[in-house]
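> Here are the chains, one letter per residue:
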Amino acid sequence: MNHPILEKSKIIKATIIALVVGALLLVVAVLPAEYGIDPTGAGKLFGFSKLYVPENNQTNDLGTMVSTANLPLIKLEKAGSGPDVARPVEADNPVPEEQLATREDETKVVVPAGKGIEFKINMLKYGTMKYEWITANNEVLYFDFHGEVKQKVEPKEVYFESYTISNSHNMVGTFLAPYEGKHGWFFRNTGNEDVVVNLRLKGQYTL
Amino acid sequence: MAYAHGVDEDTQTFLLGNSGVAFGPFLYIGAKHMITGYDHLLFLVGVIFFLYKPKEVLLYVSFFTIGHSTTLLLGVLADININAYLIDAIIALSIVYKGFDNLGGFKRFFGKQPNTKAAVLIFGLFHGFGLASKLQEFKFDKDGLFTNLIGFNIGVEIGQFIALAVVLILITVWRRQRSFMKFSTITNTALMAAGFLLLGFQLTGYFTS
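Same order as they appear, the protein sequences are chains A and B.
Counting from 1 along the first sequence, just add 2 to a position and that's the residue number in my numbering.
Counting from 1 along the second sequence, just add 2 to a position and that's the residue number in my numbering.
Calculated from the structure, these hints are not laboratory results.
We put the CB at the ideal spot given by N, CA and C, even for glycine.
Heads up, some of the hints might be wrong.
Said to hold, decoys possible - No more than 27 Å apart at the CA atoms, straight line, and that leaves these computed lysine-lysine pairs for DSS-like:
no.	chain 1	residue 1	chain 2	residue 2
1	A	K117	B	K136
2	A	K12	B	K184
3	A	K122	A	K132
4	B	K119	A	K12
5	A	K15	B	K109
6	A	K15	B	K184
7	B	K184	B	K57
8	B	K119	A	K10
9	B	K109	A	K10
10	A	K12	B	K114
11	B	K114	A	K15
12	B	K109	A	K12
To be verified - Label-pair distances were calculated between CB atoms; the ranges are:
no.	chain 1	residue 1	chain 2	residue 2	range
13	B	T149	A	I39	35 to 43 Å
14	B	N85	A	T104	48 to 56 Å
15	B	N85	A	I39	15 to 23 Å
Put together the whole structure using the sequences plus the hints.
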């Protein structure tokens, strides 16, 4: 190791230059692009600010950040039971004269660590329902909100339609059943801890 | 009612969590992280900048490897979570330190250079915590943890070896040129600038998250 030792003034100069260059790049380019912080307006001027993508971050009770940006993308092909399963004729049955009685329920579904689980209710064609589910600690779950057609003869491969597939910690909506059968959620927990989903339902269905 | 159901399990199997042993993937992640990890690379450039003998390079890199392997294994196995921004800020500081040291700053101002081997070892320890937090981002099962961890660590060494080989070749060629001494001041100033930049970047991340 025989490296040169510069004079004091040169070292001070180099250090100050380094600080100024570093700080300048930070304020002009990096902060606007990475954090959307743009105190000088230079980020906007040069277009660096456009690179900033606000992350949809959620903090759960454990204090760990859950970023939906890291989740795998879901493709159209995932929706429904696939092209090999024919849509049963029962899907086109007439609408019943009377719907099921309106009821309200609150329940918990435990999705075990590393497993998938389904929660389903029975509904008649054009029955309506409002739903709400929230994971206990804001854990993000993969889910497929889908429904199977009630068939006279149980088929080998069940036909189902996916109404929504996504990853979330919370979902709310109204639902009009397209056909008689079982409708509900398939939840998948990829984490190492069991996840509790708190569910609320109100509408024309039976459990 | 809630029940585990066969139908959708079959049609909708998808894998996100790395379950069980996955030596190969973790080896790859480790190597990739090192080759694309500019902070580790900048520090290493600083460390080997004035090392002329292959033996010395090997010695210093070994100190770095011992340092970061220790905390990588310890951090993951003991499940130690240190804020990644703070660790990365210290890694950024290590770059500033090395640039300053290469300019002769410590000798000139304090009359004495801190023990360079000890410094590499200590900063290696911090780099290891950074690697550990990187690895902990991947959710994986407890079974196969050790094998995966070893895979990651070996990957880190492979990545470091490849990156170092490239850097060493470039620096060795460059040293033969007259410009090397002339540009060494600029290079180490740039190293410090990059360190300051990363420091600001990480600290901003820490305070805004």
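> Does each hint fit the structure? Answer for all of them.
For each hint, the structure was consulted:
Straight-line distance between C-alpha atoms of K117 (chain A) and K136 (chain B) comes to about 25 Å, which keeps the hinted pair within the 27 Å bound. For the suggested pair K12 (chain A) and K184 (chain B), the alpha carbons sit about 13 Å apart, so the restraint of at most 27 Å is met. For a cut-off of 27 Å, the pair hint linking K122 (chain A) to K132 (chain A) stands: about 14 Å separates their Cα positions. Between K119 (chain B) and K12 (chain A) the alpha-carbon distance is near 26 Å, which keeps this suggested pair within the 27 Å criterion.
Only pairs whose Cα atoms come within 27 Å are accepted, and K15 (chain A) paired with K109 (chain B) is accepted, the gap being roughly 16 Å. Our distance criterion of 27 Å between C-alpha atoms is met by K15 (chain A) and K184 (chain B), whose separation comes to about 16 Å. Between K184 (chain B) and K57 (chain B) the alpha-carbon distance is near 26 Å, which keeps this suggested pair within the 27 Å criterion. For the hint pairing K119 (chain B) with K10 (chain A), the CA-to-CA distance comes to about 24 Å; that is within 27 Å, so the pair holds.
Between K109 (chain B) and K10 (chain A) the CA atoms are separated by roughly 10 Å; this keeps the pair inside 27 Å, and the hint holds. At most 27 Å may separate the alpha-carbon atoms for a hinted pair to count; K12 (chain A) and K114 (chain B) meet this at roughly 18 Å. Between K114 (chain B) and K15 (chain A), the direct Cα distance comes to roughly 20 Å. Compliance with the 27 Å bound is thereby established for this hinted pair. Between the alpha carbons of K109 (chain B) and K12 (chain A) the distance comes to roughly 13 Å, so the proposed pair stays at or under 27 Å and holds.
One distance hint, 35 to 43 Å for the beta-carbon pair T149 (chain B) and I39 (chain A), holds here, with the actual separation near 42 Å. Roughly 51 Å separates the CB atoms of N85 (chain B) and T104 (chain A), a value that falls within the hinted 48 to 56 Å. One distance hint, 15 to 23 Å for the beta-carbon pair N85 (chain B) and I39 (chain A), holds here, with the actual separation near 19 Å.
Violated hints are absent here; each numbered hint is respected by the structure.
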